[in-house]
Amino acid sequence: MLKLTEQIYNAIRRHGEETYPHECCGVLLGRSAQDVNEVEDAVRAGNTRTDAAHNRYNIAPQELIGIQRQARERGLDIIGFYHSHPDHPAQWSETDFAEAHWLGCSYVITSVQNGVAQDTNSFLLAGTSEENKAFENEPIEIAVLEAERC
Amino acid sequence: MRIHIPTPLRIYTDKQDTVGVEASTVGEALDALTARHPELRKHLFSEEGKLRAFVNVYLNDEDIRYLPEGEATRVNGKDELSIIPSIAGGR
Ligand SMILES: [Zn+2]
Chain A
149 MLKLTEQIYN AIRRHGEETY PHECCGVLLG RSAQDVNEVE DAVRAGNTRT DAAHNRYNIA
209 PQELIGIQRQ ARERGLDIIG FYHSHPDHPA QWSETDFAEA HWLGCSYVIT SVQNGVAQDT
269 NSFLLAGTSE ENKAFENEPI EIAVLEAERC
Chain B
2 MRIHIPTPLR IYTDKQDTVG VEASTVGEAL DALTARHPEL RKHLFSEEGK LRAFVNVYLN
62 DEDIRYLPEG EATRVNGKDE LSIIPSIAGG R
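Protein chains in written order, with my numbering: chain A, 149 to 298; chain B, 2 to 92.
I should point out that these hints are in silico values taken from the structure, not numbers from a laboratory.
Mixed in with the good hints, there may be bad ones.
Derived coverage of chain B by chain A (criterion: at least 3 residues anywhere in the stretch with Cβ under 8 Å from a Cβ of chain A; other residues may be distant) [as the list claims (entries may be wrong)]:
#, stretch
1, 29-42
2, 65-72
3, 78-91
Chain A regions said to be covered by chain B (calculated; three or more residues, Cβ under 8 Å) [unchecked claim]:
#, stretch
4, 159-168
5, 178-189
6, 194-206
A few chain A positions that, by computed beta-carbon distances, are all more than 12 Å from chain B [said to hold, decoys possible]:
#, residue
7, 151
8, 153
9, 226
All C-beta atoms in this analysis are idealised placements derived from N, C-alpha and C, irrespective of residue type, glycine included.
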């Protein structure tokens, strides 16, 4: 299961709307426990695929190293990634699968139709190696923060 | 020097996110890492012993594939290696 706050959930979806008709991408920081990836923060990343940004994304390793360092300093881990599918369903593609290598991490996809975020789905990259990896549908639990008391 | 391990490979490093090794070159550092955690080897290298295409190893902010001296590049105790599998895809 992927757990995140409504605020983070909305921020991921808004990112896809802002970059439409290009794909957005970003990194989910948080903690992994048994069967749960709990997101504490979503960090926006640049899409280096300026040659085909409408249907491809890639995060520069240098940027990832910075994000990994930032996570470490905050006591968090990289537990997943997100990207958008402009005018395309929120389902993983063959390209997504072939290029997914972070076993145990959540891959979140938001469909953005005509600039408006539609479905958001999460897929856990299960398995123990490149040879037996598989995407599994992963439920998303959105925690609504309690309103602050006056 | 310190080697930073990405989340999916920490099951092979006893959950450690950073492994300290004694090494004078990049290659020695990777050898020391995989000698201590042998299960890591097949996740980082192909059977021919080359770094897998989707595995990026950075010496500080430089991709080791593009270092003029590659794995023979000398390192000191303050240098850091980061192992970062690639993040990409598309619809
Ligand atoms: Zn995709």
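Comparing the hints with the structure gives:
1. 29-42: n = 0 at 8 Å, threshold three: violated.
2. 65-72: violated (count 0)
3. 78-91: Satisfied; 8 residues make the cut.
4. 159-168: violated (count 0)
5. 178-189: Since three or more residues must qualify, the claim that chain B covers the stretch 178-189 of chain A is violated, with 1 doing so at under 8 Å.
6. 194-206: Since three or more residues must qualify, the claim that chain B covers the stretch 194-206 of chain A holds, with 6 doing so at under 8 Å.
7. 151: Given that every Cβ of chain B is farther than 12 Å from that of residue 151 of chain A, nearest at about 16 Å, it holds.
8. 153: holds (21 Å)
9. 226: violated (5 Å)
Hints 1, 2, 4, 5, 9, counting from the list given before, are not met by this structure.
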